[in-house]
Amino acid sequence: MHGEGLTHVTHASLGWIPFFPLLGALLAYTIGQKAKDMAGWIATGASTLSFLTVVYFFFSLPAAGYFEHNLFEWISVSGFHADFLFRFDQLTAVMCLVVTGIGSLIHLYSVGYMAEDESRPRFFAYLNLFLFSMLLLVLGGNMLILFIGWEGVGLCSYLLIGFWHKNIAFAGAGRKAFVVNRIGDAGFLLATFLVVMHFGTIDFVELKGLIAGHSEALMTTIALCLFLGATGKSAQIPLFVWLPDAMAGPTPVSALIHAATMVTAGVYLMARMHYVFDPALAPVAMLVVCTIAVLTAFVAACVALVQNDIKKVLAYSTVSQLGFMFMAAGAGAYWVAVFHLVTHAFFKACLFLGSGSVIHACHHEQDMRQMGGLGKIMPWTAATYWISTIAIAGIYPLAGYFSKHHIVVALGDAGMSNPSIAAWDTFFGVVATLAAIMTAFYVTRSACMTFLGEYRGHAHPHESPITMVAPLVVLAALAFFGGWLLEGPLSLHHYLGAVIPVGEGGHGESIIASLLHSWPGFLGVGLGVVFYTKLTVIPQTLSKTLPQLTQILSDKFYFDEIYNALVVSPLQKGAHLLWKKADQAGIDGAVNGTAAVVDVSGEIARTVSTGQMRHYALFMFIGTVFLFLFYLVL
Amino acid sequence: MDPVSHYLILSALMFTIGAIGFVVRRNAIVAFMCIELMLNAVNVSFVALSRHVGGLDGEIAVFFVMVVAAAEAAIGLAIVISLFRTLRSVETSDAAGLRL
Amino acid sequence: MSLTFCIIFASACGVVLMRNPIHSALCLIVNLVAVAGIFAQLEAHFLAMVQIIVYAGAIMVLVVFVIMLLNAKQEEGSYSTWLIGLLAVVSGFIFVDMVGPLLSEGFPQSASATDPTVGTVEAIGRVLYTKYLFPFEAASILIMVGVVGALMLAKTDKGKQG
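Residue numbers (the numbering used here), protein chains in the order written: chain A, 1 to 634; chain B, 1 to 100; chain C, 1 to 162.
No lab work stands behind these hints: they were computed from the structure. Errors might be hidden in some of the hints.
[Unchecked claim] Here are the in silico distance ranges between beta carbons for each label pair: (1) A:L627 - B:G54: 25 to 35 angstroms; (2) A:D588 - C:M152: 44 to 54 angstroms; (3) A:T607 - C:S140: 39 to 49 angstroms.
The beta-carbon is built from N, C-alpha and C at its ideal position, and this holds for glycine as well.
Just chain A, with the same shape it has in the complex (with noise of 0.2 angstroms):
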């Protein structure tokens, strides 16, 4: 429906977008060998270039159509071919401005926050190169490119997770969220793989129009290989123990990769391939998404309650949110699910910059225990981080309620579209709601562990300079303001019609309706408040009387655990046997073996080589006999 009347425009300056942060990563790299603080800079300035053309391409999108640009023909066999193909559209424009803005902002930052590390050229080049690799994602016209993008976010974060190297446990984290990634990704090459084979064609727009009149058991397959592939880029159950791993790495990159751009990529994904996800064609896989989506806000929400690590506070945020996206988009409201990927880039990404200021200022202390008091002395950042503490718990009229509100929304009436998602809706309803509800309890609770009473550390904390406070104000304003926005005067809702299927959406609603739906929201935000400042004996007693709950929780659900028992250690065990017995005893054992073998007859036969040039002549004259023998018998 949405295929015919498109104009598409050939714009042959769409490879600008991408080209100016890889640019950079080269530039940074290089001369930051040289010049250090340059690195940080060049990195900025590659950045904001790229927001600036997106910016451009933004405001000369006609309102219904795309931009293309066909660098060249990439792949072409016997009938199927692929193109390393850009296209702009509606979508890709805001998952393109998320990107590079954030991005900038979090460049910005980071000169800051990086000041003092002797490697900053390469964590720039790292930072630069993520963006090239997310823009390419986003601007992928078809599956192979996506793909490109889709390796390349997953190695950056490999390598930034692992930044700093020296530290095992930090390398550890990234080649865990390196492996867990790889086994999304399988998923998504099959899909692939069964996209090629039964459609013939991989790009986006072509496969649209194609995608009509096949089995119900073809798309279901279809959507959930695309969705493992999902699973872990965004960190959702089964996957997403890699998720609070990952930050080991630096605050900016959790900031930017593990909270707003690249763990959305499976949201974006889900929403650039709706057609796949359609609630008439698979509806069981859209049930699925639903039940791991909800199922995954509501355990990283209560593993998040007990969590002393602020940033690990924000990680199970992070999954749980990005759980909320995918009810959503399971729920078929694709573009709701856009609309919190955006409010959530900005109120995490505010966040995650927030408790890296914080980190900053007590000397790399994570632990929220050694924190307390510090809003007096960094008023910025207590400011910035409690707004969008009230962005996230979903209080009108800041933006997390906007998409929060049409979360619930969608999934209330999901049940209409897809029967069979219709018997569990209630089920799902309550959940997503105590989650909603925890979000908006241990989000506070971090904030008030950390800025309110009296500090109880040992470093003398300070207020982080201007590069890092001027981002962390706009990502407020934008949490602040960029709901009712996105809602109102700029309707996100209409803006992607020209590219997903959007539905009704957007009844408006008075403010004293919108303050009542809020009420998770202020229940989660007043107990946090109450349990955290006044009444501190409440959790404290709670956690006494209730040991063995508090330390399932602390102890993630045994997720990890789990994954040892069942497949890790298995598959080391299995390793461990192939190297001793398949590849020491048997594959080195036949090598040796011959070597031996060789080695003692070489020995037997060395004796005949006694370095006497007469005996090399006797057995001269023996061998012209034999010949002569040899000759005359014949």
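Guided by the hints, dock chains B and C onto chain A, whose structure is given.
Below, chains B and C without anything else, positioned relative to chain A:
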């Protein structure tokens, strides 16, 4: 003139004696002389057969064998001298450097 | 006739059996001269002369000269008897194998075999400078290379020091 087979028997005997000498004697110069013996054995059979079949090719071959023998004598004796200089010996059993 | 054969056989054995290299060398000279006699019997006059001039003259003088120069003493130690035994067997094989079949089959004899003008210096020279001109020139180069090589091998490093 004897039948050609007599010359061939003589040639075979000379060659065998030369070969045994080369294997048995350790003095490099004597070994060298044994090589000359073997070359001469071959020369004898060349000439005898050449006469027998009535051509000159065999005798020309003998001429070239002599040329090679002369060159070999020059080089071989030079090697014996430098061997003696290095090892203070002309025993071939002392020049066993081919084996580690 | 058979006297020449006997001289050749005896002197060849002498070359191998004499303990003193100089005696070996003298035996070899006798052997070579006797072989020259064989050549003369076979009417290869040119080769008989060259045999005496080049072998008995030049090469053996060189050998004796080197023996004197190096003052090589008598060989100490004895020949290993098992080696001699083995060699006797081997040489028996060679003897029988090489000659036996030839004797039994016999050779066709050509008409020119008895032509006395075949082995003369003139005949040899004619063939050598026409049909075998190129091998002849190559042989001269070989000799020259041999001379230069012998010089290089035998000269001491005194030239460099001086």
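Hints, verified against the model:
1. A:L627 - B:G54: 25 to 35 angstroms: 30 angstroms, holds
2. A:D588 - C:M152: 44 to 54 angstroms: Hint holds: Cβ distance 51 angstroms, inside 44 to 54 angstroms.
3. A:T607 - C:S140: 39 to 49 angstroms: Holds: the Cβ-Cβ distance is about 45 angstroms, inside 39 to 49 angstroms.
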